[in-house]
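Each chain, letter by letter, is given below.
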Amino acid sequence: MNDGLRLYLSHFKNGTSPVFKFCEYLNISVCPPTETNNFSVMVHNPIGRASTEVLSFPVFGTDFEVLDSSAHPIPSQVVPVSSATKSVRRYRGNATHNLVWSANLPGLGGAVFFIQPKHSRGKYASELSKVFVPPKLDDFSIENQALKLTFSGLTGRLKTMFNKHSNITVAVDQNLLWWRAKSGNFSVQPSGAYIFSPDGILPHTISPLSLVNTSIVNGSLVQEVRQQWSSWAYQTVKLYSNLPIAIFEYTIGPIPYEDKVGKEVVSRFTTDLKSNATWYTDSNGREMQKRIRNYRPTWKWYDSEPVAGNYYPVPSRIYIRDEDHGVQLTVLTDRAQGGSSLKDGELELMVHRRLFDDDGKGLDEALNEPGQFGDGLIVRGSHYVILDNFNNSTLCHRLLGEKLLLKSQPFISTFPVSPSEWMAKFPTQYSGLARDLPPNVHLLTLERLDHTHHLLRLEHQFQSNEQPYNNTVTVQLADLFTTMKVVDVVELGLGANAALSDIHRLHWNTESHGAKGRYQSAEAKMKSPFIVELKPMEIHTFNITVEYTI
Amino acid sequence: MASLAAVCLLLLAVATVAVTASDDKIYVHIVPHTHDDVGWLKTVDEYFYGANNSIQHAGVQYILDTVVDELQKNPNRTFIYVEMAFFVRWWNEQTDETKQIVRKLVTETRQLEFINAGWCMNDEAATDYNAIIDQMSIGLRFVEENFGPSARPRVGWHIDPFGHSSQMASIHSQLGMDGFFFARIDYDDKNQRLSDKTMEMVWQSSQSLGAAGDIFTGVLYYFYGPPPGFCFDVRCSDQPIQDDPKLFGYNVDGRVASFVKAAQEQAAHYASNHIMFTMGSDFNYENALEWYKNLDKLVHYVNKKMGDQVEVFYSTPSRYLDALNKLNLTWTTKTDDFFPYADNPHSFWTGIYTFSIYRFYL
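Chains as they are written, first to last, in full-length UniProt numbering: chain A, 1 to 550; chain B, 1 to 362.
Excised from the complex, chain A in its bound form (with noise of 0.2 Å):
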């Protein structure tokens, strides 16, 4: 990819061009090039829409300055690092704070950053984020334009979200909790790799009466929460600018192992939502599938399992409903977890397991695995909360899980040349599009296939009943992206192995209606300029031919 990069700066101008350098372990402030340098930092948002992202880069020191791709200062903060990532990178590095700013990124594109240290002078020297202990047993809260979390001084929990721009406050208790595993001989199911199989119905707590050590972080681009249940179970809280969605970062693990007891970790919400025994659970990352407590839409429903009968796939979202307040509740993961909602009003992820018997299901080994450093694994994830009415959680989710699912990707160079001189040499900001997708569209695919030919993919990302969003929309491809001009295009079929209009499937009759059919037009070749229609849930896959126009 360095070589790759290169060869695309190569394009520009000869001379010396940057190396740029990743850091896999960004996610516990771990990242050398940033920790002792002036950096730079490009980074690519591979989604066809702009986008605003907040990044975060660990630091040695306070004094910073951030310049955009035109060189202007922009706002920064610089936040101290977390107890939490401490005991999770040990001795893997030294940054005191994470630099912190808010970047706005052109749709398949890309901008640089630089980071020097700040001008005595310069008003946009980076801003040192206040850090206190609440006071004891008052709530307390942090806020932004659009949220206001509050925290209750006695458990130091979440007790209350208000969504400022909607006008609707919940109580929300979040915790972190654990079910205990079956374990041990042949009478019972023992939890393992493939089974979930808790002992009992009520998890158990982490803390003495879920009671949690509490800190505040404040500043304009960034405010946390900084919780502790154990020495094993941290979570951040955290607010960016404008956002109106909570982040919760848990931080979990080595899950203790001297009594031999199974433990499988669950973030929990609970609300006084009526959410009428239902929860909607994505596919896939796609369709929602409606869920209802110990039923079965096809037969008749045996509670031998109430926990592990109701917990469903996660891929990436979940949410509960309060059908007479109009109001949702929707966590968003980042990775694929396993969910329920075991009561009216509830919501629970399970975000880590550690565990001593194999379950019996073929892979003859327990889910224990040591890790790096022998203690067992340590697993940080984000969970990421909207409350909202219907239609503000529908568009806020899907665009924020097309954010999730392709994030935005930061290339880090420490190339020793001051702004302007990049800025002669080298584009500071690029897009591949010639102007942003509207927001039902998602940039799916586009690949190379050989010097003339890309496979591009465009999907709709609502569904049909998901308004107001649910329209059809059109995109043009002749003149869609900046470098290159589409001067034909071959419909083909989801695999891209055969064009769309060799597909044939077999008509099998229903009592409702045959399942035959194509939603495309089956024309084989679409006449320029190639207006593609797209309606909710489609994906269209298409053989573009182009020829460059730089």
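Rather than coming from a laboratory, the hints here were simulated on the basis of the structure.
On a predicted model such as this, the values are computed, not experimentally measured, just so you know.
Don't be surprised by glycine CBs; every beta carbon is placed ideally from N, CA and C.
Some clues are possibly wrong.
Said to hold, decoys possible - If you anchor each label on the Cβ, the simulated ranges turn out as follows:
| id | chain 1 | residue 1 | chain 2 | residue 2 | range |
| --- | --- | --- | --- | --- | --- |
| 1 | A | 52 | B | 149 | 30 to 40 Å |
| 2 | A | 449 | B | 95 | 20 to 30 Å |
| 3 | B | 145 | A | 547 | 49 to 59 Å |
| 4 | B | 248 | A | 512 | 51 to 61 Å |
| 5 | A | 424 | B | 49 | 16 to 26 Å |
| 6 | A | 529 | B | 187 | 39 to 49 Å |
| 7 | B | 131 | A | 449 | 13 to 23 Å |
| 8 | A | 438 | B | 23 | 56 to 66 Å |
| 9 | B | 49 | A | 434 | 46 to 56 Å |
As the list claims (entries may be wrong) - Distance condition first, Cα-Cα at most 25 Å in a straight line; then the derived SDA-like pairs of lysine to any residue:
| id | chain 1 | residue 1 | chain 2 | residue 2 |
| --- | --- | --- | --- | --- |
| 10 | B | 197 | A | 356 |
| 11 | A | 535 | A | 396 |
| 12 | A | 403 | B | 130 |
| 13 | A | 300 | B | 55 |
| 14 | A | 274 | B | 336 |
| 15 | A | 361 | B | 130 |
| 16 | B | 42 | A | 527 |
| 17 | B | 104 | A | 503 |
| 18 | A | 300 | A | 363 |
| 19 | A | 290 | B | 55 |
| 20 | B | 334 | A | 242 |
| 21 | A | 148 | A | 162 |
| 22 | A | 290 | B | 253 |
| 23 | B | 334 | A | 509 |
| 24 | A | 130 | A | 218 |
| 25 | A | 535 | A | 428 |
| 26 | B | 197 | A | 509 |
| 27 | B | 297 | B | 229 |
| 28 | A | 361 | B | 234 |
| 29 | A | 527 | A | 509 |
| 30 | B | 297 | B | 253 |
Given the coordinates of chain A, work out where chain B should sit on it, guided by the hints.
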């Protein structure tokens, strides 16, 4: 050429029978197959070469070597291959001569069929549609580029994943598949479907796409293995067909009777009089000779002795689908998905949903 003509006649015969089959006869489609995990207890390359067999005895290269040899010995024999991650590794090591033989088996005699043909048989619970589409496309494009349109896979074949998602059904439908088969569904769901004869249905997988997301879906009977007593793999210990009456242990009559009984039992739970016997299992056919030698005999003796009740022949899932389709039956529909999966009242496979927790993000 003579043998090729015989194959064509056989196919015609099957098709003709299927169209007119309103009789009580049971038509048994023998589907020789292997299920090759693209990485499980061993790595994908260990599985390919058969390395570290102390962990699990499995070597995919030998499966493809011996199957290709055995298919050439009898033009009736069929085989399906599913996991392109292995096939591509094998293909890259073959001589041009072998590749020509394989092309002929795929496109001319149609004995070897690519089924599913993604890079792997992906999990459906904890996967993202983007990755599923990509991995399916890699395999399908390999088949298209190396074997042409006549080899284009027509069947989704997810015999091992632990439950089945609507999106996977929708993707298979949009890939152009005519049907989707799998094995693992909730034990209670399966019991009800067996008694209702609804093991096969049309899955209306997408409310948004409507008919374009519909796909014919079948649940297999004996999980994805052969009927009990009929595993002829090196790793099994079922009795071979001992057909010389002069020798001790002659068992043709007993084996034919058991086979017919298994066919009748399975047919009693399916809507039509065509059934599929999945003859194979995990990493089977490492010595394909053992399977085919016994299957040849089984086909011969069942047809000879019980042909008026049960007709048995080598087939593939797509030939089975074509036979069902020609019956012009009306099928029940399904609109929800196949989660969660439980194989008994206390074994819910819902822990695996939190398995990719260790994935890192940059």
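Hints and how they fare:
For residue 52 of chain A paired with residue 149 of chain B, a C-beta distance near 46 Å fails the hint of 30 to 40 Å. Checked against the given bound of 20 to 30 Å, the beta carbons of residue 449 of chain A and residue 95 of chain B, roughly 28 Å apart, stay inside it. Here the CB-CB span from residue 145 of chain B to residue 547 of chain A is close to 25 Å, at odds with the stated 49 to 59 Å. Between residue 248 of chain B and residue 512 of chain A the Cβ separation comes to about 59 Å, which falls inside the hinted range of 51 to 61 Å.
Distance hint check for residue 424 of chain A and residue 49 of chain B: the Cβ-Cβ separation is about 54 Å, which falls outside the suggested range of 16 to 26 Å. For the hinted restraint 39 to 49 Å between residue 529 of chain A and residue 187 of chain B, the CB-CB distance of approximately 55 Å leaves it violated. The hinted window of 13 to 23 Å between residue 131 of chain B and residue 449 of chain A holds, with their beta carbons roughly 19 Å apart. Between residue 438 of chain A and residue 23 of chain B the C-beta distance comes to about 57 Å, which sits within the given range of 56 to 66 Å.
A C-beta distance of roughly 49 Å is found between residue 49 of chain B and residue 434 of chain A, which places it inside the suggested range of 46 to 56 Å. Note on residue 197 of chain B and residue 356 of chain A: the hinted pairing is violated, with a Cα-Cα distance of about 41 Å set against a maximum of 25 Å. As the CA atoms of residue 535 of chain A and residue 396 of chain A are separated by approximately 19 Å, the hinted pair is consistent with the 25 Å bound. Taking the CA atoms of residue 403 of chain A and residue 130 of chain B, the gap is about 13 Å. The hint holds against a cut of 25 Å.
With a C-alpha separation of about 41 Å, the suggested pairing of residue 300 of chain A with residue 55 of chain B is violated against the 25 Å cut-off. With a C-alpha separation of about 23 Å, the suggested pair residue 274 of chain A and residue 336 of chain B falls inside the 25 Å cut-off, and the hint holds. For the suggested pair residue 361 of chain A and residue 130 of chain B, the alpha carbons sit about 29 Å apart, so the restraint of at most 25 Å is broken. Taking the CA atoms of residue 42 of chain B and residue 527 of chain A, the gap is near 50 Å; set against the 25 Å cutoff, the hint is violated.
For the suggested pair residue 104 of chain B and residue 503 of chain A, the alpha carbons sit about 23 Å apart, so the restraint of at most 25 Å is met. A hinted pair counts as satisfied when its Cα atoms are at most 25 Å apart, and residue 300 of chain A with residue 363 of chain A does not qualify at roughly 31 Å. In summary, the hint linking residue 290 of chain A to residue 55 of chain B is not supported, as the alpha carbons are separated by about 41 Å, beyond the 25 Å threshold. Between residue 334 of chain B and residue 242 of chain A the alpha-carbon distance is near 43 Å, which puts this suggested pair outside the 25 Å criterion.
Straight-line distance between C-alpha atoms of residue 148 of chain A and residue 162 of chain A comes to about 5 Å, which keeps the hinted pair within the 25 Å bound. The straight-line distance between the Cα atoms of residue 290 of chain A and residue 253 of chain B is roughly 52 Å, outside the 25 Å bound, and the hint therefore fails. At roughly 13 Å between alpha-carbon atoms, residue 334 of chain B and residue 509 of chain A fall within 25 Å of each other, so this suggested pair holds. A distance of roughly 5 Å separates the Cα atoms of residue 130 of chain A and residue 218 of chain A; the hinted pair therefore holds under the 25 Å criterion.
Our distance criterion of 25 Å between C-alpha atoms is broken by residue 535 of chain A and residue 428 of chain A, whose separation comes to about 36 Å. For the hint pairing residue 197 of chain B with residue 509 of chain A, the CA-to-CA distance comes to about 16 Å; that is within 25 Å, so the pair holds. In summary, the hint linking residue 297 of chain B to residue 229 of chain B is supported, as the alpha carbons are separated by about 15 Å, within the 25 Å threshold. Pair hint residue 361 of chain A plus residue 234 of chain B holds up; C-alpha atoms about 22 Å apart against a cutoff of 25 Å.
Distance check on the hinted pair: residue 527 of chain A and residue 509 of chain A sit about 35 Å apart at the alpha-carbon level, beyond 25 Å; violated. The straight-line distance between the Cα atoms of residue 297 of chain B and residue 253 of chain B is roughly 12 Å, inside the 25 Å bound, and the hint therefore holds.
Hints 1, 3, 5, 6, 10, 13, 15, 16, 18, 19, 20, 22, 25 and 29, counting from the list given before, are not met by this structure.
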